Amino acid sequence: MSDQHTRPKTRWHIAVFLAPAVLVYTAVMIYPLFNTLRLSLFTEVDQARVFVGLQNFRTLFGDAVWSDQFWNALGNNFWFFVIHMLVQNPIGIALAAILSHPKLRFASFYRSAIFIPTILSFVIVGFAWKLILSPIWGIAPGMLDAVGLKSLYAPWLGKEEYALTTLSLVSVWQFVGIPMMLIYAALLSIPDEILEAAEVEGITGLSAFWKIKLPLILPSIGIISILTFVANFNAFDLIYAAQGALAGPDFSTDILGTFMYRTFFGFQLQLGDPHMGSTIASAMFVIILIGVCLYLFGIQSRMRRYQF
Amino acid sequence: MKKSTIIAAMLTTTVLSGTAVAEDVTLTIESWRNDDLAIWQDKIIPAFEAEHPGIKLKFTPSAPAEYNAVLNSKLDAGSAGDIITCRPFDASLALFEAGHLADISDLEGMANFSPVAKSGWSTDDASVQYCVPMASVIHGFIYNKDAFAEVGVEVPTTEAEFFAVLEKIKEDGNYIPMAMGTNDQWEAATMGYNNIGPNYWKGEEGRLALIAGDQKLTDEAWVAPYRQLAKWGAYLGDGYEAQTYPDSQNIFTLGRAAIYPTGSWEISGFNGLADFEMGAFYPPVQNAGDTCYISDHTDIGIGMNAATPNADAAKTFLNWVGSSEFATIFANALPGFFPLSSAPVELDDPLAQEFISWRGKCESSIRSTYQILSRGTPNLENETWNASVAVIKGEESPEDAGKRLQEGLASWYAPQQ
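Residue numbers (our numbering), protein chains in the order written: chain A, 428 to 735; chain B, 573 to 989.
Bound conformation, chain A alone:
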């Protein structure tokens, strides 16, 4: 009778309830991830897989044929990310601030209209924008012509100096709804008492936004930044849909995702090389991991939180 108290009961329900998520996540995420990391340590010689240690990484960073492409892709990736941080997130915050204004009419209509592109497929977005910007069939040249700015038009997607920025802005157009929604939710959760107290002190309008709301939504902005970082360094679809696997013109829109795809699966006469492909994928994983760690330990842990 007494040993019932001494031995704790096995709490089976914890394992049972965790099992589906753990099993599915292991099968579709964790196992492939580690297998990719493992694959990057091998190479193929005469139809047989041979362990070569870090040789693939040495090739990727040491051989100019590979490293030039890698640094080009990484640089493009950073530019892609910078555009998102400088354009998408400020616009998202501004839109959320406007939407949360109590006197704005049709707020829910604007909210849905701005959010809808987010749920569109990349293929549709890539294809639609390619048509819009097309020098032959597109409406962009005509619209610029109508306001007398035809001289500003260029075949942007075909010019090395503009193509990547253009595609980044298309991606911004597609995803601006996400920061908007997250910030909108954060803004709504700010208690009215605080704003009213500020009003009594004479802080209203824009200064209320800068002094009261912005500090309160900073944690959300942090989350959005890290989500943008991860999404951008994993990006592939839009570039592939708009410019193909060679990420033209002259690799000016090549990002890590397209570089990895081309290497892993091959392209035209270039045969696929799963081992070098995995090496690039592993490098991407490390880059994202470093970015996320910097954020978690460097920024998030120092961020001040306010409890209401």
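Any given hint could be a false lead.
In the DSS-like style, the derived pairs of lysine-lysine whose C-alpha atoms are separated by at most 27 angstroms in a straight line are [stated by the list, open to error]:
#1 B:K740 to B:K646
#2 B:K690 to B:K717
#3 B:K965 to A:K577
#4 B:K933 to B:K774
#5 B:K965 to B:K975
#6 B:K788 to A:K586
#7 B:K803 to A:K586
#8 B:K965 to B:K742
#9 B:K690 to B:K933
#10 B:K740 to B:K975
#11 B:K975 to A:K586
#12 B:K615 to B:K788
#13 B:K975 to B:K788
#14 B:K690 to B:K887
#15 A:K586 to B:K615
#16 A:K436 to A:K530
#17 B:K742 to A:K577
#18 B:K615 to B:K717
Hints listed in this document are in silico derivations from the structure and should not be mistaken for laboratory results. Here the structure is a predicted model, which is why all the values come from computation and not from measurement.
Dock chain B against chain A, hints included.
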């Protein structure tokens, strides 16, 4: 149009797989030719099935750009079809070496093909054959006859005449002289460099010398085509930098452009789209009276999945592909894809007849980068796309392009070192 064909292809394959009869052997055909779905469904498959009761065929194409990747994954996973449509040269050779394609050297139908036709799908020493040659495509220029009559120009035969024609069409202003864009890159290399190039490097002679290491990509014969390409930029439409391959096809078939550098594979598609009369001319030679060389590129082969459980049925089908009956159906259903078999074939389409008539007038060769030379890293074919585009846009000089390609090739290809 492409998109709807793909959707149609997906829908049809779902319907087909639902209705297959249990006791028949069903052979699934992997292919990248989703444009040909209707021809397979309406002509080729019924003709074969009528003759061979008990064998059903299922044609399951995927998008051309994804085919190699999709096929490789399916083969590795063991879910690929019984019959595999073969890309020429290394892509298929790699599949054979990996044990995915069966050795079919002793197939009876193989006797109908010349060694040149078979070269695209045999081992480097030509001892083993793993795909039946099915079709080749011929490069050249298609032109709008109405536009030529309106502007008052004749078909050019020399390079000087060619640029005179382009200049005149440009001055006239009603037509874009030449429909080609650089957005998708491959047109510049395939319809540009490898189209006009054989005239300079003398077809097979230069191509084989390059493989043997006797010529270099910095030699005049290999740089000169770039010099011509550099002059093309001025005659392409506004904003050609962002013009895609489907854009070019549409511009030409809508009658907005006069000349379309291309290959014979466009014929069947264009016949249904263009409402003006089309003609074709082969790449103009440097000086009047020079021998002309054309790119008559071995493009499609068909082989057998080594892991197929229906090997006998598959062999029956492959034998039939080698027959003149198949060649006739295929060549007429798809004018522009010319059978490689020595069996005699009658062609009805006038434009296709024009293309195939060049086999008699000119020397045939295949694309320079396809055999052996695109095996290493950097990949010569991909580099050629890139260089052709850069030269057309004026971002790289022809000499620099040749130098860059030669350095890339020499970095891994022993005979060039």
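Now for the hints, and whether the structure bears them out:
1. B:K740 to B:K646: violated, 52 angstroms
2. B:K690 to B:K717: Distance of about 36 angstroms is beyond 27 angstroms: violated.
3. B:K965 to A:K577: holds, 22 angstroms
4. B:K933 to B:K774: holds, 14 angstroms
5. B:K965 to B:K975: holds, 18 angstroms
6. B:K788 to A:K586: violated, 31 angstroms
7. B:K803 to A:K586: Measuring from Cα to Cα gives roughly 19 angstroms; hence the hint holds.
8. B:K965 to B:K742: holds, 18 angstroms
9. B:K690 to B:K933: It holds: about 22 angstroms lies between the C-alpha atoms, which stays within 27 angstroms.
10. B:K740 to B:K975: At roughly 34 angstroms apart (the allowed maximum being 27 angstroms), B:K975 and B:K740 break the hint.
11. B:K975 to A:K586: With a Cα-Cα distance of about 24 angstroms, the restraint between B:K975 and A:K586 holds, given a limit of 27 angstroms.
12. B:K615 to B:K788: This hinted pair is violated, its Cα atoms lying about 46 angstroms apart.
13. B:K975 to B:K788: holds, 9 angstroms
14. B:K690 to B:K887: holds, 17 angstroms
15. A:K586 to B:K615: violated, 44 angstroms
16. A:K436 to A:K530: Outside the cut-off at roughly 58 angstroms; violated.
17. B:K742 to A:K577: holds, 22 angstroms
18. B:K615 to B:K717: Cα-Cα ~31 angstroms, so violated.
Consistency note: the structure conflicts with the earlier hints numbered 1, 2, 6, 10, 12, 15, 16, 18.
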